[in-house]
Amino acid sequence: MAQITGEITATLGDKTYQLCLGMIGFAQLQQEYGQQLEPITKLDPEKEDLPDFGVIVRIVEIALQRYHPEADRYVADDLCRQDMSLVYRLLEAAMPAGAEDGGGKGKAGGAKKTPARR
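Residue numbering for the sequence shown follows UniProt numbering, beginning at 1 and increasing consecutively.
Worth flagging that the hints you see were computed from the coordinates, not collected in a lab. Hints are not guaranteed to be accurate.
What the hints assert, rightly or not - Computed Cβ-Cβ distance ranges for the label pairs, DEER-style:
hint, residue 1, residue 2, range
1, Pro96, Tyr74, 28 to 36 Å
2, Glu48, Lys15, 31 to 39 Å
3, Lys42, Asp14, 31 to 39 Å
4, Thr5, Glu32, 15 to 23 Å
5, Asp14, Asp77, 16 to 24 Å
6, Arg73, Thr5, 20 to 28 Å
7, Pro69, Glu32, 13 to 21 Å
8, Thr5, Phe53, 22 to 30 Å
9, Ala27, Pro96, 13 to 21 Å
10, Asp14, Gly34, 36 to 44 Å
11, Asp14, Glu38, 36 to 44 Å
On a predicted model such as this, the values are computed, not experimentally measured, just so you know. Glycine residues also receive a C-beta, built at the ideal position from the N, C-alpha and C atoms.
Can you build the whole structure from these sequences, using the hints too?
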């Protein structure tokens with residue numbers, strides 16, 4: 001059986017969260033941000049521009065729903081504030097490099113390797 005993609009873990013305080021961004025999550029994001037997920041595909045960890053924080057927190061909020069439906073948006077906010085690379089790692093896990101579209105464009109927004117946190 002193939003390994004499930006789109007799942008990562010994150011720890012906040014003494015609690016570990018399993019984040020899952022699968023087809024249901026992407027469908028929900030498409031309803032909110034459009035079929036082509038333009039605000040998400042434009043996220044780029046290597047740009048110096050400010051990212052759309054609303055989109056970032058929403059992705060994490062949706063990814064918490066499967067295993068942690070009790071988690072509110074403040075948990076998503078805290079996870080993002082603790083580690084801004086979290087959303088990029090989640091997107092990379094959900095759309096691995098091998099899952100390229102017809103145009104040869106890989107991961108969401110061409111999500112590049114996340115810079116190391118210092």
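Here is what the structure says about each hint:
1. Pro96 <-> Tyr74: 28 to 36 Å: The hint (28 to 36 Å, Cβ to Cβ) holds, given that Pro96 and Tyr74 are roughly 30 Å apart.
2. Glu48 <-> Lys15: 31 to 39 Å: Holds: the Cβ-Cβ distance is about 33 Å, inside 31 to 39 Å.
3. Lys42 <-> Asp14: 31 to 39 Å: With Cβ atoms ~35 Å apart, the hint holds.
4. Thr5 <-> Glu32: 15 to 23 Å: 22 Å, holds
5. Asp14 <-> Asp77: 16 to 24 Å: With Cβ atoms ~18 Å apart, the hint holds.
6. Arg73 <-> Thr5: 20 to 28 Å: Hint holds: Cβ distance 25 Å, inside 20 to 28 Å.
7. Pro69 <-> Glu32: 13 to 21 Å: 18 Å, holds
8. Thr5 <-> Phe53: 22 to 30 Å: Holds - the Cβ-Cβ distance for Thr5 and Phe53, about 25 Å, lies within 22 to 30 Å.
9. Ala27 <-> Pro96: 13 to 21 Å: At roughly 19 Å between Cβ atoms, Pro96 and Ala27 fall inside 13 to 21 Å, so the hint holds.
10. Asp14 <-> Gly34: 36 to 44 Å: 38 Å, holds
11. Asp14 <-> Glu38: 36 to 44 Å: Check passed, 38 Å falls within 36 to 44 Å.
Checked against the numbered hints above, the structure breaks none of them.
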